[in-house]
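**Student:** These protein sequences, in sequence, are chains G and V. The opening residue of the first sequence carries number 196 in the numbering used here; numbering runs sequentially from there. The opening residue of the second sequence carries number 6 in the numbering used here; numbering runs sequentially from there.
Hints should not be assumed to be uniformly reliable.
Said to hold, decoys possible - Some chain G residues close to chain V (C-beta under 8 Å, calculated; not the full set):
id, residue
1, F201
2, Q206
3, V214
4, M217
5, K218
6, P224
7, R232
8, F257
9, I327
10, I349
11, D350
12, L352
If you're looking for bench data, these hints aren't it; they were derived computationally from the structure. For every residue, glycine included, the Cβ atom is placed at its ideal position computed from N, Cα and C.
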Amino acid sequence: MLIDWFTVIAQTLNFLILVWLMKRFLYKPILHAIDQREKLIAKELADAAATQSDAQKERDEFQHKNMAFDQQRAALMSKATDEAKAERQRLLDEARKAADDLSAKRLESLRNDVRNMNQDITLRTQQEVFAISRKVLTDLADTSLEKSILERFIDKLKTSKGEEKDQLTAAIKVTRNPVIVRTGFDLSAELSATTERSIKDTFGIENQIRFETAPDLIGGIELVTDGHKLSWSIADYLKSMENGIAELLDDKSKSEADVEPAPEAKHGD
Amino acid sequence: MRLSPDEILFWQHGYFKLNATILFTWGVMLLLAVGSKLVTRKLSTDLNRTRWQNLLEIVVTAIMKQIEEVGLRHPEKYIGFLGTLFLFVGTAALCTVIPGYEPPTGSLSTTAALALCVFVAVPLFGIEDQGVSGYLKSYIEPTVVMLPFNIISEISRTLALAVRLFGNMMSGAMIIGILLSITPFIFPIVMTLLGLLTGMVQAYIFSILAAVYIAAATRARKKVDVGEEKTESVK
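Input sequences plus hints: build the corresponding full structure.
**Tutor:** Shown next, in the form of structure tokens:
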């Protein structure tokens, strides 16, 4: 008999056990491992695709940015060039203007210098003229001149009228101080007496008369009481002449200043 | 001269006995189970894996592919049964290179047991797939007249499965035994190599036939599926 039924049953059981063992130890773990790996590969492929698309996107973005940057740079460059040109033009204009201003100032200061020098010269000349005049008149003021000056003063006292004389007369009558007569030279006793009498006659007073000598009164005489003065001297003439000349010079310099600015208008182009 | 390793008895107690067939079957089982366990103990799920894992993956995926090619749509459902059939028969044949080894598939008891398993498994898979009535209906198709023929076919193909494998494996061992007594050098080795080839071919045939039978048992349902798909596409 080729078939042993016990063996058949045993082998059937053996086979079923083997099926279970194989399922347990071979198919399940192997298939599971394969599935896991497939998932892993699929995931990695998906990741790679995602990474690639990201990279592509980033590259596009980068290129776009690069292009934008280039354009921006070109725009900025041209803008900067324009600004630099404008700035250069402005600086040149400023420098030119400053140079023009400076030259104008220098011209002005030169003119001022000339004007000042002219004034100095004029003033000096004037002072010299007066000094010479004073010297000449001082040298000439001798007794005869003094006498004539005194006569001229007494004559003026007698002939003078009006408010000035009235005020002086009133002042002399009121005061108790002596009336002071200043002369640029020493009076002789005769001349002093003559002068004192003339004054007393003229004003009708009996006040004491005191005589003083003041050398800066060039060829002159003055009568002084409390706050009032009556004088005659060559210095007065000289003073009035000096004032007249000074006024004349001032007028002249003012008129020059008004005329001068005209030639500067052509600068600045 | 013995035709089957069943006749080599190691132990017997009444009805229970331990013969060479059972012993070698246990050996093959041990080899397969321990080998699988050792390899799958530390499986890697990433891209780097061991050679043994690679080998097992190739084997398993090849079996899956074969099952799929036969026409079974979810091979992972059938691989436990069909794959184990192939591996057991194949390993039993390959082990003939070990001296003193007798392939358990050279015993008609073993092949009958395997054929019985197929005989039971086919209706089970068929019923699981299309229900009891659906499966039973396949016996009276195309007409009721075919019922006896279908039943005969069912039994005869099971018998053929058992006898085909037994005949091939037994004859291989037998030829080598005979050749050893005639030309003890070279020819037995050539015949052993041939035996390995026929053993693998038989393993393939056995499992593929089982797959075909299962596919046939689940085919009715497939036809319905295909029909539904067609009507859907028409709509």
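**Student:** Next, verify each hint and record whether it holds.
**Tutor:** Status of the hints after comparison with the structure:
Checking F201(G) against chain V by beta carbon gives a least distance of about 6 Å; that is within 8 Å, so the hint holds. Proximity of Q206(G) to chain V holds as hinted, the smallest CB-CB distance being about 4 Å (cut-off 8 Å). Hint on V214(G) holds. Least Cβ distance to chain V is approximately 5 Å, under the 8 Å limit. Hint status for M217(G): holds, given a least beta-carbon distance of 5 Å to chain V, under 8 Å.
The beta carbon of K218(G) is positioned within 8 Å of a beta carbon in chain V (closest approach about 4 Å), and the interface hint is therefore held. Annotation: interface hint on P224(G) holds; nearest CB of chain V at approximately 4 Å, less than 8 Å. The closest approach between the C-beta of R232(G) and any C-beta of chain V is roughly 6 Å, which is under the 8 Å cut-off, so the hint is satisfied. The interface hint given for F257(G) is violated, since its Cβ lies 32 Å from the closest Cβ of chain V, which is over the 8 Å cut-off.
Interface restraint check for I327(G): the shortest CB-CB distance to chain V comes to about 128 Å, outside 8 Å, so the restraint is violated. This hint is violated: I349(G) has a C-beta 147 Å from the nearest C-beta of chain V, more than the 8 Å allowed. With a least beta-carbon distance of about 147 Å to chain V, the hint placing D350(G) at the interface is violated under the 8 Å criterion. Taking 8 Å as the C-beta contact cut-off toward chain V, the hint placing L352(G) at the interface is violated, the least distance being around 144 Å.
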